[in-house]
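Relying on the hints, combine the two individually framed chains into one complex.
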Amino acid sequence: MAQHDDGVTAPDDDAVHTGARTGTAIQVAAERDESPGIGVVQTDKVINPGFPPHNPRQTDLVPAKDKRAERQVAILFFLSIIGSIFALAAYIAFPINPGDFGSIRTNNLLLGLGITLGLLGIGLGAVHWAKQLMREDESVELRHGTRGTEATREKAVEVFTLGNEESGIGRRTLIRNSLIGALVLTPVPAIALFRDLAPIADPVYLLQHTMWKTGTRLTHDPTGVPIKASDVTLGSAFHVIPEGLLQRSDALEQKAKAAVLLMRLKPEDLHVSAGKESWNYDGIVAYSQICTHVGCPVALYEQQTHHLLCPCHQSQFDITQEAKVIFGPARRPLPQLPITVDSNGYLVARSDFHEPVGPDFWEREL
Amino acid sequence: MTSTQSASTSAAGRGGEVAKRRSATAIAANYIDERTSISGLVKELGRKIFPDHWSFMLGEVALYSFVVILLTGTFLTFFFQASMAPVTYSGPFVPLKGVEMSAAMDSALKISFEVRGGLLIRQIHHWAALLFIASIGLHMLRIFFTGAFRKPRELNWTIGFLLFILALAEGFTGYSLPDDLLSGNGLRIIDGMVKGIPFVGTWISYLIFGGEFPGEQIVGRLYTLHILLLPAILVAMIALHLVFVVVHKHTQYAGAGKTNQNVIGYPVLPVYAAKAGGFFFIVFGVIALIASFFTINPIWNYGPYDPSPVSAGTQPDWYIGFADGALRLIPPGLESVIWGHTYSWNILIPIVVLGLFISTVALYPLVEGWVTGDKREHHILDRPRNAPTRTAIGAAGVTFYAALWAAASSDLIATHFQLSIEAVIHAIQAAAILGPFIAYFIAKRVCLALQKKDREIALHGFESGRIVRLPGGEYIEVHQPVDEYERWRLVSFNEYKPLMIRPNAKGKITGTQRVRARMSRWFFEDRIAPVTRSELERQSHDHH
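Going down the list, the protein sequences come from chains A and B. With the working numbering applied, the first sequence corresponds to residues 10 to 375, in that order. With the working numbering applied, the second sequence corresponds to residues 522 to 1065, in that order.
No lab work stands behind these hints, which were simulated from the structure alone. For every residue, glycine included, the Cβ atom is placed at its ideal position computed from N, Cα and C. What you were told as hints is all true, and nothing was included just to trick you.
Calculated lysine-lysine pairs in the BS3-like style (CA-CA distance at most 27 Å, straight line):
1) A:K164 - B:K770
2) A:K285 - A:K237
3) A:K54 - B:K672
Far from chain A, by Cβ distances over 10 Å, these chain B residues were calculated:
4) L562
5) I686
6) V766
7) Y961
Next comes chain B alone, as it looks inside the complex (with noise of 0.2 Å):
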């Protein structure tokens, strides 16, 4: 290009009456392009499309919820006092005036009772951090069941799961900061647990409370970790999470016209920024309308934090409740002392067990993706039922979750259902034990038996409700075949082998192919194989 014409160009794009008719917008959009050439953003993202589905949105209320909590939590720190240092209760709850305590939960009540709105605040941020929680779980479990999590989508499982982890610290740091009677007690079961870590659990016990349980230092190292490098770490971690979102392109259900090449559903501009931006509004709002409604974490009942008293039935946030029930179903005894040192066993295996549980969840993608030996990528997602072990794999560790979940309640259980607590707790040790077993074979049945409805509802149709008498006399009921939509979401699924072991190039079986191939027998051996086209076409020669 010449000189000439740039110029030309230039002045004929600058000067003139086409400069003057520009629209703000337009004036706004060019000065920030031409300082960050945001444009090609705007064209790569903008008209991106999202599928659309009712449990896509269980990801979205956490990241909603986690907005709600970072406004809402920003709003208590210009109020909380993150000290312990004693005072003396002047506020105007009367149970608890002249009743010494920490500095942290006076302030706690100074919001609760005397900043107009603290009250809602604090609600909207505990029944916030609640629905963060709970929507993770939820998230992770639409992931895992519906296979999400497969190439190429390994590492985002992880950082998911790492999500879970900081939203579980987060909450457990954030429960104990008020200082109250509850929380302490919280705090107290942490020091003990971590004293019953061999070699190094003392010590790290009295560097963590800076001294002996509780000290003064506690709830200022805790704030810290709550408000600073908690959610710094959260932050970065969802954002890297999206940004693989964006670079995979979300999952898609089986559905007619959808490929494991394409992505179907609606664009970012308008669609989504409507409803997703709309979505953000209704959860936040939801969330309000509880806070306005129902208490939540009434600190003024509990009292401070004092080493003796405690009240019946007491039980933690219940996103902790695995853990604390695993704790209560060890059965008495199991400690010993070996050459002068004590082995808490009542302690090391319920952090082993649960160590091993979340361990299986961060790794599972790994492991089915090594017995599968599958390296294509996978957009479309299963539905549950057809990829049977693993929806029972699934089945079982809920029900084990469930279970420790359950054993939190038990003092509750007894009380209520009036049962002796022995009982209760003997009941689930063994549904711990037992009924994740249970749970696995139902569901690996149930899954089988509907896989094989399914078929037969695409080979030979629906059962339509209308009998028709023969002339012969035999009475039949009339199937209504599927339209060939609809039968496509019933036939269109991946198909796994259990592996034929051979021996390598050197003439050899190994162990690990031995092992791979007892695992896909595990996971495989148990099948039913999808519709072919073939089948299709017989029997629609059959019926004409």
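Bound-form chain A, shown alone (with noise of 0.2 Å):
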């Protein structure tokens, strides 16, 4: 048919050929005749001028380089061989002395070196007897439809209505349905199972509360030492975290939540919307460390700009204008922190965030 129309020579033979003859192509007789959709039907195609003439190799014309091959092949597995008793020897000669870390350095590159001779000797050495040595004339075989003969298709579709006819499903309608209907319901429980992956607990008010309270002291993270406001000068910037977070066993997560910056800027630079002038102490102002977008820590604080930028996204936050978002994917603020001192010039929060910190979630709202 037209699709095969390559007008080369057909035996009706389908064992494979060793040795692709010059100037031959070999192909079925019989493809099935499928639609070729849109596709042109060429009908005054270009003859397949079958197989180009093959040009042998040196090593098959001159038998020296035939044995030159031979041998470098055989280097090549030496060197294999060499390379892992190298490795196994660089293991025992170059051990790991506890703290000297240019013995690690020497035992990863020698160790490392070693089993890389070991494997490439191999590699090479197979690839290249193949390519040198190994018969090079290509061979042809023939491909047949993927879909299965006429008599076996027959034969499965008998195998399916004997099934039909002998169990009754497709007759036995209150059988069948009744059974889909069984085995829709038996994942269910296992769905139910899944609840305990985490505690009985509920994650929306978990996310709207955090460790600060009133009068908790902002300590310096990582050492919880309180900080005065005293010691906070212009222009400087503290990570902070609230005391007694260090002793707590949950410490990771109540940190993922309550971490802050602190920051003094000039009061005048500050545009403090109404309700909370009382909220920042002096120019000395607490924002949630973590980002409105996704939640990593915004802990990079350009102090001429007064602005927050997050490492991750690039989304940037303005301090003086109450963090607000100036570029970026997220969209809300940081949350601010409520600070005043207390008696002994400490810096604590006055309240919790006034709404909850981090990524956004569903069941937020604004």
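Structure (structure tokens):
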């Protein structure tokens, strides 16, 4: 048919033909006639010229070259043996001396080089062998359509028909439908079992509250030393955690919500909105360090511009405008922690954050 | 056959000198075959022919790096502690002495600094994982641009696609295991993204992390996925993928003597046993060489995970870059609260866009098959130029991916080239949206131009560079005709024409048909027909 009008010989022998002969291309006579769709069936096709003449290799022509290639392959395999032995020797001769990092590097390098040689020797040798010494003229194998033969397909249909008749699954609809119903419901208990992946608690409540309470002292991260208002000089920035965090068993979880960045600006630089006048103390402001985008720590403070930059996705927050987003994918400003000083001059929280910190979630209301 | 006959044949076969002279190999082979009938498999597969081309090795690289990952990964499991229980580091690495970290991080440091060869194996594992994903990606591009996904291989494309997704999942779960600062931030981002999913996000995040982020569960859970569930699915899918390669027989590039009904190449035994077997050792060897010289993922420099510190210029492993970049490109302010619920468009848009992108990749063979309506089997690969629209679509996809990927390094690009971060983001935003269209246009024009050139060469030969002055004073360049084998490569390709809308049996033109017609016009309106036999004959007459 039109699809195989390459004009080539078609012996109806489907065995593998070793050694494709020049000027021939072998083809089965009968290919299934499938619709080409909008494919153009070319009736005026150029004729497939068949295999090009075969150029023998040097190793086929010159016995000396054949010998040389044989030696090269063997040398590569010997190099592999040397590499593996070298790796073993390096393992013993260059141990890791505790505290000596040069020894780790030497161990890594020499062991690695030995293993590399052991592997590459085999690999390069085998490929060289195949390319230079193994039979090199190409062989031909015939393809058959992927679909089963008509006879096989009929048999398969018969199997299903018998299965249907003998069980009556198509006829006995009550049995079939009740089985489907039963099968659909069996996984349901498994879904329920996953509830205890996490403890019994309401995640929404947890997300809305942090460790900060009225009077909690602001302390240095990671030392936990309380911070005096007088220590916070103009232009400085501190990583802050609530007092008592380090003693808690869930310190990381609490820190992931309660971490705060403390900065001191000139009071006149701050644009404070109504109702938040008492949230800063003499130009000292505390903002949640957890990005409102997806929760990375917003830890890069630009002292000159008073901008905070999140290193993960480059959201930028302007501290002079109550941490408003000025660039990047985040939308909400960083929540502000209301602060003041206690009678000893230490910075303390006036209350918890007034809104959830960190990334948004479904149940969150602004 | 009578019983006497069979008795005598078996007596001759078993007893006497014949059996004594059988080699040990023959005895072993006989022992196995009598219990497995494996001789049938050897007969079927032993001399199976595979075509040869460098681009067919990309899938092999993927397979072999996966074997390397399995071997080294098993070694690592003997030392790694998948636990987030807090311990105080007391190992030899001084800067971290006395620092509290998880048992996972502690054991990862122990593997690196105290187990001989541990650092090497860890680095081989990581480098092999990077190579695994990279080679799958390149393998997919090869399959796409040569049209190897066409019938009968559409399902194998889908399996390959799932393997790519599984490889990404393996990469990410493995990256998260050491519980270092970088991987913890990666998990934090996943947590933030999950929380942005409407209705169920908060709860899914809560369940995944076993409580509030980060919790003490996630490393152990990811470990189960990383070393049990995902590898088991991967191995099964790879086996299926390879079974289909055997069933379909490998595709081949157009060439003289090659047809849609034959396979031209070398037999498994001995040539591919040596070449492919040897190539496994080469892949392993090259990864080992890289791991000997180049540090990867130096977790000791990052320190244990802590929610508050982070360094500038943090980067995910490269294969996650496109997803991270998509998050960075979202313009500010995209969130809304509707009836008391938060819709985080800044997270949903990237998720949906990436979902559409990878769905397009997964479903492309079905789309093209539907547009062409071609039910024939295709075993001869297309040269990319001979399917201009497909190649252009691929170029557009690659450009989109590249733009997202570049966005994941927006901060590094900005600091490196001393640009403002805003300018870089805006430029990449433009590139992500306009770039694919530009790439599409250029790729399509280049393909058509190359096809025209092929036609020209097939008909008139190539420019020989020899200038001849004719008696009349005219200068011409002599064109050298190509030989018939080379010419065949230039002229043998499939041609499609846009669908003509015709009323169906009921005399109606359906909407589906209109869509198909429009799609087929998009695909095949601009096309170069292959050179025909008559054209060639006419041409040769003109010359003689």
